[in-house]
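Asks: Below are the chains, spelled out letter by letter.
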Amino acid sequence: MITIQACLDGILLGVLFALIAYGMALQWGVMNIINIAQGDLVILGGYIAYFMYLYGIHPAWGVIISPIIMYFVGIGIYKLVINKVVDRDLFISILATFGISILFMQLMNFAFGADVVLANSGYGTTFLFDNNVVLPNSKIFSATVSILFAICLVIYMKKSKLGRAIRATAQNSRAAKILGVDTEKVYAATFGINAALCGVAGALISITFTIHPYMGLPYTIRSFMIVIVAGLGNLPGVALSGMGLGVFEEFADYILGTEFRIGSVFLLLVLILVYRRFKLSRKREYLK
Amino acid sequence: MNKNILLYIGILVFGLAAPFVFPAFKVQLSILCVLIVLATTWNIQGGEMGYNTFGNILFYGLGMYLCASVQVGMFFPLAEWTESGGEKTFVHTPSQFFQGMAAGLVVAAVVPTIVAGLIGYAILGLRGHYFAICTLGLGVAAGEISGGIEIIGAGQGFTTPPFPNVGGLEARGEFFYFLSFAVLVLTFITVRAIYSTRFKLILNAIRDNEDKAEAMGIETMKYKIIGWMVSAFFCGLAGGIMGGLVGYIDSTDVAFDGREMGVFMVLMAILGGKGTLWGPIIGATLFHIFKEGFWTFFLGWQYVALGVLIVVIVIYFPEGIMGWLREKYPERFGEVIDEADRKAQVELK
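If you read the protein sequences in the order shown, they are chains Y and S. Under our numbering, the first residue of the first sequence carries the number 2, and numbering increases by one thereafter. Under our numbering, the first residue of the second sequence carries the number 8, and numbering increases by one thereafter.
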């Protein structure tokens, strides 16, 4: 029974991770930057939903409000910092976003306090298999909403003009520029969409789990891990590896204990990278 | 050359006299020495080899825990010491303290070196940002895992043995200062010696184009691992000293502090100018002064300032102070400029 419980928990959690990882893959593919502040954007989105809850609005509305606010936050970050590092060395973008991450972490710590908080949605729980498996309805809600958002975004990227411009820029930014795509605008929009996705995920996390100003980095690492396992531009892969990671985490939680949960995530990242390094080195290739 | 020797002697004399001239800043000066060691050794990877690591913090934290554990475990049961209040029941005699410290520092230097060799074999084949993120993961994982191990204090931390009172003489500050200064001098001599050999050229070849270096017949893997082991040796020593200096080890806030110390060492090297011998030293000194000033006057806002500082340095001064000086006065760095060639290059842009 505990196996089924862990699997279901993990899958519902993994859908959320996949949503964050989708944003990561988007900006990585289009702008070729790795955003260490990804997790902090998630937490900031979570705090928006939490504050709506504090002021008496049902936190589920955060799923709508938080991405709108986060879109503009993302555009702001892009205009201030990211547009100066887009074409430079990758390590510069990693360090610059690391700086943003520390900045956000501390500002959130000042603004919202260092307490672990959650927004209570009051959705109740579902019992399955003779009450042996307990699923909070908020988890089911969050998984459904993230799948909906992901589908909407995929359709948007396929059909809309901006989506086509983003995909063209990802393929070849120079050629796209020649053909009249304003790549600067595309980059800004990409970063904004990524931040908005983080906002949705954050709002859902604040309903389902807990948020804390310092919890950002694990979300960054998780999404990075999902993207490298799935590969850039492989959406079903992102969804599957996200769920896989969720299940792995739940099992690590049960077997090793909660205090090793985050540690095991980071170790898994190292193990995956080492595995890929040895696999590729047999063919004398390396991760690019 | 003559000028250089005078400069070194001047710095050495200043270093030896510093704790007596500025008695109030003994601890700060010791921390400065440790920071310089960390920045200089980071520079071997990040500056010379082109492998930007966030993982040197792993060796620093490992050295810290190992030194303290050996120092305690040689004479007393470690598990009882790390229980709450346990450090008050046992007291090191002066000879026990110094013997323990010496043995601890040896272990703290040797074990991280071996660990660096093993981990290096596994992950130094990764390139670019994969290596950076992988080492970031290693540092954080080490912090999270060591925070769950009961025998080294788990979440509540590990109090290192207090400095013994030798005949009513309070010499704690001097002891740690001279220890860290000695390690600093040792690091400087080693790094300087390394940089004057073929080894540095190989590291630079790896940085500039690893595939070509390999095609030229250089066993890049071997040199990358050796370079990382040198870094780990000194990082471990620095960590061991820092543990004794701070007096208290916490898994994520002191030892494996990837968010703070792990970024500091990168930042200091970049601020001073990576890929130069003096850059990390200047960078660390400036950074330490700036940091202490900020920490004192803007208490509470220091991390906000740190975040802004990282972004500003990385975006506007990626070449650092030495890089800027090099751009401005290339003759001083022994570079000959062909004006016609330079102009031609400018026109090409």
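Worth flagging that the hints you see were computed from the coordinates, not collected in a lab. These figures come from a predicted structure and were not determined experimentally. No residue lacks a Cβ here, since even glycine has one placed at the ideal position from N, Cα and C. One should not assume that every hint holds.
Here are the computed lysine-lysine pairs in the BS3-like style, where the Cα-Cα straight-line distance is at most 30 Å [what the hints assert, rightly or not]: (1) LYS229/S x LYS280/Y; (2) LYS335/S x LYS85/Y; (3) LYS178/Y x LYS159/Y; (4) LYS207/S x LYS33/S; (5) LYS162/Y x LYS186/Y; (6) LYS298/S x LYS335/S; (7) LYS186/Y x LYS280/Y; (8) LYS280/Y x LYS33/S; (9) LYS280/Y x LYS162/Y; (10) LYS159/Y x LYS186/Y; (11) LYS80/Y x LYS298/S; (12) LYS280/Y x LYS178/Y; (13) LYS162/Y x LYS80/Y; (14) LYS207/S x LYS229/S; (15) LYS298/S x LYS85/Y.
Listed below are several chain Y residues computed to face chain S (Cβ distance under 7 Å; list not exhaustive) [what the hints assert, rightly or not]: (16) TYR72; (17) VAL74; (18) GLY77; (19) GLY264.
Asks: All hints are to be evaluated individually against the structure, with a verdict given for each.
Replies: Checked hints:
Of the supplied pair hints, the one linking LYS229/S and LYS280/Y holds, its CA atoms being roughly 19 Å apart against a limit of 30 Å. Annotation: proposed proximity of LYS335/S to LYS85/Y holds, straight-line Cα distance about 23 Å (limit 30 Å). A hinted pair counts as satisfied when its Cα atoms are at most 30 Å apart, and LYS178/Y with LYS159/Y qualifies at roughly 20 Å. Only pairs whose Cα atoms come within 30 Å are accepted, and LYS207/S paired with LYS33/S is rejected, the gap being roughly 34 Å.
For the hint linking LYS162/Y to LYS186/Y, the alpha-carbon distance of about 13 Å falls within 30 Å, and the restraint holds. Of the supplied pair hints, the one linking LYS298/S and LYS335/S holds, its CA atoms being roughly 27 Å apart against a limit of 30 Å. Taking the CA atoms of LYS186/Y and LYS280/Y, the gap is near 39 Å; set against the 30 Å cutoff, the hint is violated. Our distance criterion of 30 Å between C-alpha atoms is broken by LYS280/Y and LYS33/S, whose separation comes to about 51 Å.
At most 30 Å may separate the alpha-carbon atoms for a hinted pair to count; LYS280/Y and LYS162/Y exceed this at roughly 40 Å. This hinted pair checks out: LYS159/Y and LYS186/Y have alpha carbons roughly 18 Å apart, not beyond 30 Å. For the hint pairing LYS80/Y with LYS298/S, the CA-to-CA distance comes to about 28 Å; that is within 30 Å, so the pair holds. About 37 Å separates the Cα atoms of LYS280/Y and LYS178/Y, which puts this hinted pair outside 30 Å; it is violated.
Proposed proximity of LYS162/Y and LYS80/Y is supported: the alpha carbons are some 22 Å apart, at most 30 Å. Only pairs whose Cα atoms come within 30 Å are accepted, and LYS207/S paired with LYS229/S is accepted, the gap being roughly 13 Å. Distance hint between LYS298/S and LYS85/Y is fulfilled; the C-alpha atoms sit about 25 Å from each other, no more than 30 Å. With its C-beta approaching chain S no nearer than about 21 Å, TYR72/Y sits outside the 7 Å limit, and its interface hint is violated.
Proximity of VAL74/Y to chain S is violated relative to the hint, the smallest CB-CB distance being about 15 Å (cut-off 7 Å). Given the 7 Å rule on beta carbons, the hint for GLY77/Y is violated: about 13 Å separates it from the nearest Cβ of chain S. Using the Cβ-Cβ criterion of 7 Å, the hint placing GLY264/Y at the interface with chain S is satisfied: the shortest such distance is roughly 3 Å.
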